[in-house]
Amino acid sequence: MARTLFDKLLAAHEVRRFEDGTALVLVDRVMLHERTGSLALQALAERDRPLAAPAQVFAVMDHIVSTAPGRGDASSVPNSAAFVRAMRDAARDAGIRLFDIDDPDQGISHLVAAEQGIALPGLTMVCPDSHTCTLGALGMLAWGLGTSDCEHVLATETLRVRVPKTMQVWCSGRLPEGVTAKDLVLTLIGRYGAGGGAGYHLEYAGPAVQALGMAGRFTLCNMAVEFSAFSGAVGVDATTIDYLRDRDLAPAVTPVQERQWLDWASDAHAAFDRRIEIDCNALSPMVTWGTSPAQVLPLGAPVPDNADSRALHYMGLERGKPVADLPIDAAYIGSCTNARLDDLRAAAEIVRGRRVPGGITALVVPGSTRVRRAAEAEGLHEIFEAAGFEWRESGCGLCFYAGGEGFAPGSRVISTTNRNFQGRQGPGVRTHLASPQTVAASAVSGRIRGALGLAEAA
Amino acid sequence: MEPFIRHEGIAAPLPIDNVDTDAIIPSREMSRVSRRGLGRALFANWRYLAPYDPTPDPDFVLNQPPFDAATLLVAGSNFGCGSSREHAVWSLADFGIRVIIAPSFGAIFESNCWGNGILPLRLRADVVAQLLTATAKGLFAVDLEACTLAAPGLETLHLEVPARRRSDLMAGADAIDQTLAEHAAIATARARRNSLIPWAVPKIGDTP
Ligand code: SF4
Chain A
1 MARTLFDKLL AAHEVRRFED GTALVLVDRV MLHERTGSLA LQALAERDRP LAAPAQVFAV
61 MDHIVSTAPG RGDASSVPNS AAFVRAMRDA ARDAGIRLFD IDDPDQGISH LVAAEQGIAL
121 PGLTMVCPDS HTCTLGALGM LAWGLGTSDC EHVLATETLR VRVPKTMQVW CSGRLPEGVT
181 AKDLVLTLIG RYGAGGGAGY HLEYAGPAVQ ALGMAGRFTL CNMAVEFSAF SGAVGVDATT
241 IDYLRDRDLA PAVTPVQERQ WLDWASDAHA AFDRRIEIDC NALSPMVTWG TSPAQVLPLG
301 APVPDNADSR ALHYMGLERG KPVADLPIDA AYIGSCTNAR LDDLRAAAEI VRGRRVPGGI
361 TALVVPGSTR VRRAAEAEGL HEIFEAAGFE WRESGCGLCF YAGGEGFAPG SRVISTTNRN
421 FQGRQGPGVR THLASPQTVA ASAVSGRIRG ALGLAEAA
Chain B
1001 MEPFIRHEGI AAPLPIDNVD TDAIIPSREM SRVSRRGLGR ALFANWRYLA PYDPTPDPDF
1061 VLNQPPFDAA TLLVAGSNFG CGSSREHAVW SLADFGIRVI IAPSFGAIFE SNCWGNGILP
1121 LRLRADVVAQ LLTATAKGLF AVDLEACTLA APGLETLHLE VPARRRSDLM AGADAIDQTL
1181 AEHAAIATAR ARRNSLIPWA VPKIGDTP
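Protein sequences, first through last, are from chains A and B.
Reminder that position 381 of the first sequence reads as 381 in my numbering, one-by-one numbering, no gaps.
Counting the second sequence from 1 gives a position; my numbering is that position plus 1000.
Okay, chain B solo, but in the shape it has when bound (with noise of 0.2 Å):
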């Protein structure tokens, strides 16, 4: 995963409350078993005029100079909910977002971002308008190290960022070799479940 430590770039405004990841990408967009190249269907319904037809609809805030080239997006409230597909996440660190800033995400998409190198940013419903309004005013700056978002026009915010979460992206760490670091405590915790849950692993020779 690509380390986060200092992100600056064009903030695009999208206050829509519950976009959900269908909107983010629809499922027929997924038709590759691979995860790249999903920048191009990336909020396909919003972004063309048509299913299938690329002729963008300039009504949509990433079609139009200069948030087509947005790096960072200021979101309505439950950005992200619905289906799990991290599809949602990989086209919209395609299409180059690092940093989405929300009253409040979908957990499995949250979770996803994490997981990608995308930095989700909880911030109060208040603060999120006041940045909506910043989008037009010029570049957004986040420091990962001092927890610091420069928004033009407001004063520097300080971010409160899970600390775990925060090293890895800053570190740019694989989350499994980490985990697999902590096989004395799993092992521990695999003895104690099985006491408590015998039921927890299918007997052998259960499996027809």
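Looking at chain A on its own, in the form it has when it is part of the complex (with noise of 0.2 Å):
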């Protein structure tokens, strides 16, 4: 019987099935960082439990460490080295392989788990954080959890999950020029809301996603999670096999490996139990208005007269007006979302020979140090220097604020993250999630702007 890539996921992993509709399935891979990995391992250590497979268990140093050029272990986040020690002591106690800050592929989990072929197509995995559902992007399952439950997954290599329904999200057309990923699950995320996908794992397919590189295919999953699904995933095909070729952890890809991996991908007539499509050639470039991902409009459009009285407070916004135009206070072009070395070269496009206006905050955070190395071996960071960007070491950096280093209050950010929630950058701090494209325009313009708007203006 035809199967989807979900389906075939879980019979590969399934240890038993409970009539409740919970699974107990085993994992395969588990990535750990600083803010919660030596809460974990420490929990395990005390209680005299060994890890079930420590060469499938690995750390990295992200969520909290400083991005500033010449870093150490503090960061302006507090307690930040406790933190980063603790993560560095219970790793070397616990055996586990560590990407540690000054690691030359050190990074965000979720960069640096398909950098090095950890993730890998037909794997489970998961992270004590919810947008491990970016790695789907390789054909796997792969998704976020909270400490107990990884816990759990490091003392047994399993989980029980509640198995979710499937859902395909049919992506027809092609985007048109200008118009990115970020902008796709951005539609998809307006059109059905942040709970649209409650109870799901999502497949994104059809002509617009098999165009897409990985980097695109790794921003769709990335942002699952806001859509609240259980995870989202891409079949394995042409594209992701070219990706798996020299990753350091990966099986080399013989003619037999590739084959072996191509099976992950949904046969052909597998049934969903739902199935939307997004008609690409319609689309354009998206931004949020709101303090939900969900709350977006096409760059231009006006705040709907229905909008969200606490939303609209929070951000300083009126119904019926633009968001387009709106003076920034900063830019953000960084996170697991939307660092890849793809999305670095098409914000780099774009601020090529333009400058920030002064007064503006414009930062690049690499999502990865290879991310990095890569960048400025192309010379991307001259032009963003030159632009009057701030080019720092790569982390989690100002996606999140975590009581150290954030944007001012009330100052409004435009960013290529992937959560506009109120706080989430800084207190007070009103986030417009966009493309890098748009980032980039908006930094140079000092106002929300589109590439398009900003070819017409110069």
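Treat the hints with care, since some could be wrong.
Simulated coverage check for chain B against chain A, where a stretch passes if three residues somewhere in it have a Cβ under 8 Å from a Cβ of chain A [unchecked claim]:
{"#": "1", "stretch": "1057-1070"}
{"#": "2", "stretch": "1135-1141"}
{"#": "3", "stretch": "1152-1159"}
Over 12 Å on every C-beta distance to chain A, these chain B residues come out as not near it, computed from the model [claimed, not checked]:
{"#": "4", "residue": "F1004"}
{"#": "5", "residue": "I1010"}
{"#": "6", "residue": "A1012"}
{"#": "7", "residue": "N1045"}
{"#": "8", "residue": "P1054"}
{"#": "9", "residue": "G1076"}
{"#": "10", "residue": "R1085"}
{"#": "11", "residue": "R1098"}
{"#": "12", "residue": "D1126"}
{"#": "13", "residue": "A1129"}
{"#": "14", "residue": "A1146"}
Please keep in mind that the hints were generated in silico from the structure rather than gathered at the bench.
Using N, Cα and C, we set each Cβ at its ideal position, and we do this for glycine too.
With the hints in hand, could you dock these two chains into one complex?
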């Protein structure tokens, strides 16, 4: 019988199915980070519970590390050095591979896992971070969990999960020039709501997805959790296989391996519990106006008449007026959503030869040290710096506010990140989510603006 | 984990959809390498007048008697969406919350609730709407053994609770111990997976 990618992933990992709709599944990879990793490892050590599969466990420093050039263990986040050192000690005691601050392969966990070949087609993987779903773009089942569930996986190599239903998001047509995966996924969430994917595993498919490179696919899957889906995925195809070549921890791409990996896609005519379609030909650049990713508009459209007052008040906006052209205080290019090499290239293309107006903070925080090195090899850092951007070390940076460095209260920030929640980037900070292109164009305009508007204005 | 069999208490209404875990506990409040003492930080952005200023905002429901002593929460849909931080559940538990009623929950948050002795009850939106009005009228009582919820002025509701989650919560069972007892089934599944997915275990020596 024709099976979906999710059916295959579940069948290959199911230990036991319970009558209440949950299943115990094998977990092939665990990624820890310094915010909660030591907590989980120490809790196990205190109870003399060994790791069930230490060779399958990895750790990174990403959440609260400094992104300032020449960084050490401490950042401006209170107690950061204690978290960093606790993670380092716990990783050493547990004998797991850690990508430490000064490691040439350090970065945001979801980028590191893909770049290293820790994440691979057909696998299950967890990390105590909700955007672990990003890695579904490699044809695997990856999801975020809490610290206790993470301890459970570390101790047992398994986790009990509520089995989701399956949803196919069929992306027909082609994304127009200048419209990105970010605009596509924001459109999806805007159309069906922040809870639109609740109870489902999403699979993105169709010609517009096939045409995307891996960076765009990671962006789509990254935001599956903003749609409240259990996770998101894209089936393996030639683009995926190309990406998997020469990954340190991945097997070599032999013809046999290639064939085995290509199996991790939905069969033709596989039945999904739900199927929705988005006509990509009709899409345009999007920007959020509110405090949920679902509160989103095509650039230039006015804030809706039925806009939620609480969100409007927080964001300092009025109904019926567009978000486009609002003056900004800062522009942020970073995060596990949009800080891969392709994202930085697209942004650099727009800022090349332009200047960020005085008084506006503009930052680039590459998603991983690998991305940073590759970008520097192409000279992208020089383009950004010449335009007045700060070029930082990699990490989660200012994607979320952890009590250290942040944007000023009340400031308006256009950001390539994934969450515009109240206070997400600092108390009172007003975050507008958009693509790297839109953020770059806004940075050099000093106002929220699309790359297209920029060309006309120039 | 503290067993949960019956619970009676004040239910606070929080009729907002998509309350995210950043709202339940802002990241800046997670600065200790510990899971205890987080109740003070619960809903910090809404509960206090300014960040780091402990002056309560009188407009926020958990600052208004009797709801400042609430042990149940009646919430909007998709409650606990967003970040996977278990600190959200730890802060709710530390505040004293034992039951959360909502039309739907963020999936990671819901799982975190079960693991920390909080009962997440998914009920139909129209039922939740009735319960919201009932919060002002008196105590709510949950009986997990009988699978019932009694709220003032309403007929006793029958609860559908996942069977295994329910028995674990009633026993206060340790999920890790329970799963470790399944070692034979796990070994079988592992062998099957390894033959199907030979790359599931990184080769020794692969790690630089
Ligand atoms: S970049 Fe932001 S969303 Fe991504 S893992 Fe880091 S904090 Fe989370």
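Hint check results:
1. Only when three residues or more bring their CB closer than 8 Å to a CB of chain A does the claim for the stretch 1057-1070 of chain B stand; here the count is 0, and the claim is violated.
2. Given as covered by chain A, the stretch 1135-1141 of chain B fails the check, having 0 residues with a CB less than 8 Å from a CB of that chain where 3 are the minimum.
3. With a cut-off of 8 Å between beta carbons, the stretch 1152-1159 of chain B has 0 residues touching chain A; three or more are needed, and the interface restraint is violated.
4. Even its closest Cβ contact with chain A, about 16 Å, leaves F1004 of chain B beyond 12 Å, as expected for a residue assigned away from the interface.
5. The non-interface label for I1010 of chain B is consistent with chain A: the shortest C-beta to C-beta separation is roughly 25 Å, beyond 12 Å.
6. Its beta-carbon lying about 18 Å from the closest one in chain A, A1012 of chain B satisfies the requirement of being farther than 12 Å from that chain.
7. Chain A draws N1045 of chain B into its interface by the beta-carbon criterion, the shortest separation being 5 Å against a cut-off of 12 Å.
8. With a least CB separation of 15 Å from chain A, P1054 of chain B remains clear of the 12 Å interface cut-off, as annotated.
9. Some Cβ of chain A comes within 12 Å of the Cβ of G1076 of chain B; the nearest lies about 10 Å off, and the non-interface call is violated.
10. Distance to chain A contradicts R1085 of chain B as a non-interface residue, since its nearest Cβ pair spans about 7 Å, not more than 12 Å.
11. Every CB of chain A lies more than 12 Å from the CB of R1098 of chain B, the least distance being 17 Å, so the non-interface label holds.
12. Remark: the non-interface label on D1126 of chain B is consistent with the geometry, its nearest Cβ contact in chain A lying 17 Å away (cut-off 12 Å).
13. Chain A leaves A1129 of chain B outside its interface by the beta-carbon criterion, the shortest separation being 16 Å against a cut-off of 12 Å.
14. Look at A1146 of chain B: its CB is around 18 Å from the nearest CB on chain A, clear of 12 Å, so calling it non-interface holds up.
When each numbered hint is compared with the structure, violations occur for hints 1, 2, 3, 7, 9, 10.
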